[in-house]
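K.L.:
Protein chains in written order, with numbering that gives the first Met the number 0: chain A, 0 to 186; chain B, 0 to 186; chain C, 0 to 186; chain D, 0 to 186.
Hints were generated in silico from the structure; no laboratory data involved.
Do not take every clue at face value.
Claimed, not checked - With a Cα cut of at most 35 Å, we get these calculated DSBU-like pairs of lysine-lysine:
{"#": "1", "chain 1": "A", "residue 1": "Lys102", "chain 2": "D", "residue 2": "Lys102"}
{"#": "2", "chain 1": "C", "residue 1": "Lys173", "chain 2": "C", "residue 2": "Lys98"}
{"#": "3", "chain 1": "C", "residue 1": "Lys102", "chain 2": "D", "residue 2": "Lys14"}
{"#": "4", "chain 1": "B", "residue 1": "Lys14", "chain 2": "B", "residue 2": "Lys173"}
{"#": "5", "chain 1": "A", "residue 1": "Lys173", "chain 2": "D", "residue 2": "Lys98"}
{"#": "6", "chain 1": "C", "residue 1": "Lys166", "chain 2": "C", "residue 2": "Lys14"}
{"#": "7", "chain 1": "B", "residue 1": "Lys166", "chain 2": "C", "residue 2": "Lys102"}
{"#": "8", "chain 1": "A", "residue 1": "Lys14", "chain 2": "A", "residue 2": "Lys98"}
{"#": "9", "chain 1": "B", "residue 1": "Lys98", "chain 2": "A", "residue 2": "Lys14"}
{"#": "10", "chain 1": "A", "residue 1": "Lys14", "chain 2": "B", "residue 2": "Lys14"}
{"#": "11", "chain 1": "C", "residue 1": "Lys173", "chain 2": "C", "residue 2": "Lys14"}
What the hints assert, rightly or not - Selected chain A positions facing chain B (in silico; Cβ < 10 Å):
{"#": "12", "residue": "Gly15"}
{"#": "13", "residue": "Arg97"}
{"#": "14", "residue": "Lys98"}
Claimed, not checked - Restraint-style ranges between C-beta atoms, simulated for each label pair:
{"#": "15", "chain 1": "A", "residue 1": "Pro57", "chain 2": "B", "residue 2": "Ser55", "range": "24 to 32 Å"}
{"#": "16", "chain 1": "B", "residue 1": "Gln2", "chain 2": "C", "residue 2": "Lys14", "range": "49 to 57 Å"}
{"#": "17", "chain 1": "A", "residue 1": "Gly172", "chain 2": "C", "residue 2": "Ile52", "range": "52 to 60 Å"}
{"#": "18", "chain 1": "C", "residue 1": "Lys14", "chain 2": "D", "residue 2": "Met0", "range": "47 to 55 Å"}
{"#": "19", "chain 1": "C", "residue 1": "Gly172", "chain 2": "A", "residue 2": "Glu31", "range": "51 to 59 Å"}
We put the beta carbon where it would ideally sit given N, CA and C, even for glycine.
4 protein chains.
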Amino acid sequence: MPQARIVGIAGSLRKGSYNRALLRAAIECAPEGMTLEELPIDDVPLYNADIDIDGSRPVAVERLKERIRAADGVLLVSPEYSHGVPGVLKNALDWASRKGNGKGSPMAGKPVGIIGASTGGSGTMRGQEQLKLVVAGMLMALFPHGGVVVPRAGDRFDDQLRLSDDKTREFLGKYLDGLLGWVRRFE
Amino acid sequence: MPQARIVGIAGSLRKGSYNRALLRAAIECAPEGMTLEELPIDDVPLYNADIDIDGSRPVAVERLKERIRAADGVLLVSPEYSHGVPGVLKNALDWASRKGNGKGSPMAGKPVGIIGASTGGSGTMRGQEQLKLVVAGMLMALFPHGGVVVPRAGDRFDDQLRLSDDKTREFLGKYLDGLLGWVRRFE
Amino acid sequence: MPQARIVGIAGSLRKGSYNRALLRAAIECAPEGMTLEELPIDDVPLYNADIDIDGSRPVAVERLKERIRAADGVLLVSPEYSHGVPGVLKNALDWASRKGNGKGSPMAGKPVGIIGASTGGSGTMRGQEQLKLVVAGMLMALFPHGGVVVPRAGDRFDDQLRLSDDKTREFLGKYLDGLLGWVRRFE
Amino acid sequence: MPQARIVGIAGSLRKGSYNRALLRAAIECAPEGMTLEELPIDDVPLYNADIDIDGSRPVAVERLKERIRAADGVLLVSPEYSHGVPGVLKNALDWASRKGNGKGSPMAGKPVGIIGASTGGSGTMRGQEQLKLVVAGMLMALFPHGGVVVPRAGDRFDDQLRLSDDKTREFLGKYLDGLLGWVRRFE
Chain A
0 MPQARIVGIA GSLRKGSYNR ALLRAAIECA PEGMTLEELP IDDVPLYNAD
50 IDIDGSRPVA VERLKERIRA ADGVLLVSPE YSHGVPGVLK NALDWASRKG
100 NGKGSPMAGK PVGIIGASTG GSGTMRGQEQ LKLVVAGMLM ALFPHGGVVV
150 PRAGDRFDDQ LRLSDDKTRE FLGKYLDGLL GWVRRFE
Chain B
0 MPQARIVGIA GSLRKGSYNR ALLRAAIECA PEGMTLEELP IDDVPLYNAD
50 IDIDGSRPVA VERLKERIRA ADGVLLVSPE YSHGVPGVLK NALDWASRKG
100 NGKGSPMAGK PVGIIGASTG GSGTMRGQEQ LKLVVAGMLM ALFPHGGVVV
150 PRAGDRFDDQ LRLSDDKTRE FLGKYLDGLL GWVRRFE
Chain C
0 MPQARIVGIA GSLRKGSYNR ALLRAAIECA PEGMTLEELP IDDVPLYNAD
50 IDIDGSRPVA VERLKERIRA ADGVLLVSPE YSHGVPGVLK NALDWASRKG
100 NGKGSPMAGK PVGIIGASTG GSGTMRGQEQ LKLVVAGMLM ALFPHGGVVV
150 PRAGDRFDDQ LRLSDDKTRE FLGKYLDGLL GWVRRFE
Chain D
0 MPQARIVGIA GSLRKGSYNR ALLRAAIECA PEGMTLEELP IDDVPLYNAD
50 IDIDGSRPVA VERLKERIRA ADGVLLVSPE YSHGVPGVLK NALDWASRKG
100 NGKGSPMAGK PVGIIGASTG GSGTMRGQEQ LKLVVAGMLM ALFPHGGVVV
150 PRAGDRFDDQ LRLSDDKTRE FLGKYLDGLL GWVRRFE
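With the hints as extra help, turn the sequences into a complete structure.
P.N.:
Below is the structure:
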C-alpha cells in the first residue's frame, strides 16, 4: 500500500503557537503508512477575487493549491478566536477551495481531520464546530471523530514546545491511526 | 439626541463587490439620527499575536481599533465563503477584538448588525450564522432581526453597482431604523 | 424598581439532572431585584403544526406560552446531546416561539441567558453555540457573556445535587447580576 | 452488489408536511441499487435518561434503533424551526444515538445525507448547518454535497403533495445517486 500523504495546516502565525507545536507533535506521531508534512500559510496574502484569476494569483497561493491537490488528505490544527476560525486560516482556505487553471477545487472530495489546542479550558471546541461547517461547505469528507481538543496546553507542552504529556500523545497517535483509515477509504 | 455613529465593515476586498455596494446603499439609506461610515480593512495585515503588543501593532490596526472604539455601533456587510465568514473579515475582527494600550476590547459590549448579499440563492444565510456566533464570542450585543439576506444580487444592483431594487432598498431602510433603536439602548 | 421576573427552563427531564440542579442553584443565587422561577416542560408534547391552532393547543403549551409572555426574561439551563440542543428543550421552544391567540411570539424581543453543566469536560460549549443561534432565530436579545459552562459537574454538586463548589456558585451569582442588568435594558 | 438500504426520517409530524412529501418524492426517485424507506418517529416519546436503560426503553424507541442499526445509511429530511433542528427530529436522534442492549450507538459510523424543504426562501439552509454538526457529533459520515435546499415548496408540490417540479425532481435524483455512491464506501 502506498504512503498516504497528508498536509497539515496550522491556524496560527505566532512563533510560539501551541497549535504549530501540536502539528509538529502530530508529525512525530504519524503512524506507519502516513506521511504528514506542514504546509505553511505565512505568505498567503489576503483573499481578493480580483486577482483570483488564472495568471494573476500570487505564487504562494498557487503553491498552496498544488500541494493540497497532490495530497491524499488534510489535517487542520487550529486555535479558535472569538469562538470562530482564525481569519488567517480561513483566508488560506478561501484561496485553496477555489477552482482555477482548468481544475476543480483542490479541497472538494478530500478527506480532512480537525484538531486544536488552547491555553484555556475550551480546547478550541467552538472553533472546531465552525471549521467543520466550512470543510463541509468545501465538500470535503470530514473524519468522524469525537475530536482532539487539547485544553490547558501550557501544562502539556514543555519549554521547547514539545508535547510532553504522554496521555495526549497517545490520544493523538490513535487519532492519526483513525485518520489514516479514513483517508484510505478515498484512495 | 446626538447622532448615533455606526461604522460599517464590508467583508470583501473585490472592487465590484456586491457587499461593498450594499454597504454604500446602506449609507445612503441611513435614517435621520444615524451616521454610517465605511471602515476599510484593505490594509489590515494577517493577524500575528507576536506583534499584537503595545507599540508593535501595525498602524492600520491601531486606526481600525480606534475608529471602532469611537463608534456607537458596528454594521457588518459580508459575503459568505464556503458557508463561513470570509477570512479577510474575520482577520480584521481578530485584530479588532483584542485588548491593548491599557484598554479593553473595542468590540465588547458594542451593538452590532449583520447583513449580506450573494449572487446565488443563499443570500449569505449560512455565513451570517457563523458571524453571529463570532460577535457573540466578542461579547457584542447582536441586533435581533430576521436578517437582511440579499440573494441574486445581480438582479438588484445596476451596472454602477447602485441598489436599484426598490423593495430591497425599503427593507434595508427599515432594518437600519431598527438597528438605530437597538444602538440607542446602549448609549 | 420592580422585580425582574425570569423564568428558567431546564433542558433535561432526568430526575437527577445536573442542569435542573444548576437551575435550582441559580434560583438560590438570584440577586436582589430578580425573581427566578423554574418553568417545567415535562408535560409539553411533541410539536405538531396541525394542532398549533387557536383552540387546539394542549393546555400545557398554552400555560408555557403565557408564563413566558408574562416574564421579563428567560434563562435556559441545558445539557448538550450530540453537540446540539436536546430535543426535549428545542421542542418546548418550538411551541413557545410561535404566534397565536392574536398575539405575537412570546419569545421575540425577550432577553435571554444560556448556561449549562456537563459531567465531561465540554461544559455544554458546543450545544450552547447552537442554542445561541436558535434564540437569535427567535429574535430574542441574547445576554452577551463569555458563558457559564460547568464541566465535570460530578465534582461540583454534592449527593443531594446541591452546588457545593464555592467558585462556581460565586461565578453563577455574578452571571445573574449581569443578566439582571441586561434584562433591565428591555423593560 | 446487494441493495443499499436507507432509512429516511422526516422532521415534521404535520400531515401536510412538505418535508414528508419530499421524503416520499425521494422514495420514488431512489436509484437502482437503493431501497429507501420511511422510518416514522410519531410515536417516539420525549427523551428521558431515567428510562434510557436496558429493559426500560419504550417499544417505539427500541424499534427505531433496530431499524437504523439494520440500515446501510440514513437520510434526514427536515424543516428548520427558528434556524435550528425541529425538537421532534432532534428528540428521535437523541434516543437513536445512544448505546444500549450491549451494542454501540446505531448512528456511529453510519453514512448520512441531509435535505429539506421550506415554504419561504431559506430552503432550511440554517437548520441544515446545525443538523450537520449534530450528525458529526454522533460520529456519522456526512455525505459531502452542496445541499438539497428546496425553497418555496408551495410552488414545487401539487395539491396532492406530489413533487411536480421537474428540475427539483431531477436534482433530487442526482443527489440520491451521489448518496448511493457515498453509502457504498462504507459497506
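K.L.:
Against the earlier hints, flag every one the structure doesn't satisfy and list their numbers going up.
P.N.:
Hints 1, 14 contradicted; others consistent.
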